[in-house]
Amino acid sequence: MARKRKKSKSKSKKRKQRASAPEADASESTDVEASSAADAEDPPAPDPGEGLEEAIDLDADLDGQSVEDLLAEASALAGGEEPADETASLEGGDRGPDDPPDSAEPENAKPDREASEEADDIDLVVLDEEPTDDDPPLRPDGTSDEESITTISLDDDLDEDAADLIAQAIALSDEELPAVRDDEVASASPDAGDEGSALHLPADQAGTPGQPPVMTRDALDALRELRTQGVGPGDAELVLDLGEGGTPEDRDRLLQAALAHVEMQDAVYRVPTAVVRPRRLGAAATAAVLVVALWVAFAPPSILVPPEPPTPTEAELLDGVRATLWLHMQQVESFRVEAGRLPRDISELADPHPGIQYVRSSNRLYQLVMRTADGRTVMYDSGSPAADFDGMATRFGLDTGGS
Amino acid sequence: MGRITPHLGLVLALGLLVAAAVRPVRQASSFERTRDAAVGEVQNLRLAVERRWGEYSSWPTPGALGEIPLEVAAAFPGDSILGGDGYRIRWHTVRYVSFSDEPIQDLPPEAIAAVDSIPTSVEEGTAESGLITLHSADPRLLAALLDEFRGDGSFVADSTWSLVVPPPGS
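Line by line, the protein sequences give chains A and B.
Under the numbering used here, the first residue of the first sequence carries the number 652, and numbering increases by one thereafter.
Under the numbering used here, the first residue of the second sequence carries the number 2, and numbering increases by one thereafter.
By construction, these hints were calculated from the structure, which means they are not laboratory data.
Glycine included, C-beta positions come from ideal geometry on N, C-alpha and C.
Please note that the accuracy of each hint is not assured.
Going by beta-carbon spacing under 7 Å, a handful of chain A positions derived as facing chain B [unchecked claim]:
1) Gly933
2) Leu941
3) Thr962
4) Glu967
5) Val972
6) Ala974
7) Val988
8) Thr1045
9) Phe1047
The following block holds chain B by itself, in its conformation from the complex:
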């Protein structure tokens, strides 16, 4: 090992200075790439499942975290997982109840009032909605997605960003 000459030391110090100055810019650039990739995958997945609903009036089968639904795998050529550097995407379905506004006719109003938690409307049944969730430990990414899909029924809870995908036409 040769000795570090002053000139070599100066070159190394300058290199360290440049690296230190460039590091924040590189970090910001890296985050932007991650955000763009996540937004792209979420939009691609939403379009794919809505297209699937439009064709079959059913949602793709829910999968595990990062698993691409088989029904929409064609929308992700070359990708093996739903996710990227520091985040994973999951496709869910959630059931919800639709109520009719018609009051129950068989029971008198006083009877209805006497029974706790008896719905005052007729239950029509259940429906199923789509739900895309993205799990990441980076709150910046969650906030970026919240801002990107603001007004589209997205929200953030804990380390999960969620986007409700209602059935088209509902």
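This is chain A alone, in the form it adopts within the complex:
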């Protein structure tokens, strides 16, 4: 639950506040008094001239309440009567304006509750100071040059008060929030032009019902200003410097920035930011290398292939057939010399070549036939050997006498 508590930046200012307005506003809660007592122990406050500053902490962790819920609630409230006094509205909280202050609460319970609240990290703090004589004069629009700090934290304990605040702000600025066109959504980022952090919102999701509201140009401009001040989307707390911020225009601008901040944080969580380009490039490179690899594997370029060793030529193969026939002729003749007859078939020779055919035409005549690899037939006829077989004995170094 959001708590409202008045925190003075200056001890003297608070004393002056109580002195000048002892009967203070009836709408001021007793929490103020309790906090005043606690503030007595606070360290010295900064100078009275310290700038007025509103800090709105819009963390992305909204305890289940999404931006859509807040905006829906705010839109529902926007049609109602605008509170006359922002402070009254904020401090009234869930109480009615006629509700009595919590004066019935025991005094000794206040410090304990205050300590508990401080431990829980105060969520919503609105500084509402009553004008005094020492205060600077108010502007015509009711604002003061003196800076105060209002911290609005929509943390885990976001309650209706915060929603009311947002609703009021939206009601004031609703008319000035034109939706960004679809073509502008893709670059909707406070870092427009910075590719590293650009949001990639799908165009079909921009501005559609049920989707996060799109960011306006004003909101983006406001966020850019915040970036220049060192406040980014990743910051846990968004600090809005009201400065002279009492005018409705300033409040509208700051509220737009706050909403844009929340929307951006929500969008960062929703939109996948994975970069697709490296994957595509990697796949393309892989495919290209694979194609080259297949080309090299199945049709390698000549520069990668060493010269092929030669194979036997036809002349060499023919010469080998003649040499084989001549050696078998020598075996047949040897068999005839030793056995006194010609072999009946080639199986009587020792280890004959399987490709040789032996034909015994008479008791003294025979033919040896062999084919080359290309089908040519080579024959040795014992009755009239071809001249191609001359000189084989010399070639092989065999002493065959006169033959």
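Given the coordinates of chain A, work out where chain B should sit on it, guided by the hints.
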């Protein structure tokens, strides 16, 4: 099984490319190793059998394909077969006939001419020569051996390369 990321796919494709580019070189290198091994074994066998002939005037006993002759087994320490990757070596002996140039004196020339296939010279007898054959289905290896032992009485027929080893001093 994890998904193949683009980086892993690229690495695999590059590996495939390198393998494809290196494959022809590896094949050539492998053939050279086989050729050198075959040539070495043939030379070793020829030296061994010639040494055997020089000592005993006889050739080692012929064996089966890839069988190391027992008489020259000492020349192949650690080897169980004659051969290598894609080839086998065999040791043979072939007989041949030596003829004398002297004509046959008992028969008249017309008688000799009338009888078919009667040798005109006196047969002296038979001799035995050594023969080393290498059987391989790779014609490149056969051609390499033919080139290596060119002029030494080698020839190629079909899938067999042969080297005649004449008796030393013949």
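Hint check:
no.: 1; hint: Gly933; in the structure: holds (3 Å)
no.: 2; hint: Leu941; in the structure: holds (4 Å)
no.: 3; hint: Thr962; in the structure: holds (4 Å)
no.: 4; hint: Glu967; in the structure: holds (6 Å)
no.: 5; hint: Val972; in the structure: holds (5 Å)
no.: 6; hint: Ala974; in the structure: holds (4 Å)
no.: 7; hint: Val988; in the structure: holds (6 Å)
no.: 8; hint: Thr1045; in the structure: violated (10 Å)
no.: 9; hint: Phe1047; in the structure: holds (4 Å)
In summary, the structure is inconsistent with hint 8 from the numbered list given earlier, while agreeing with all the others.
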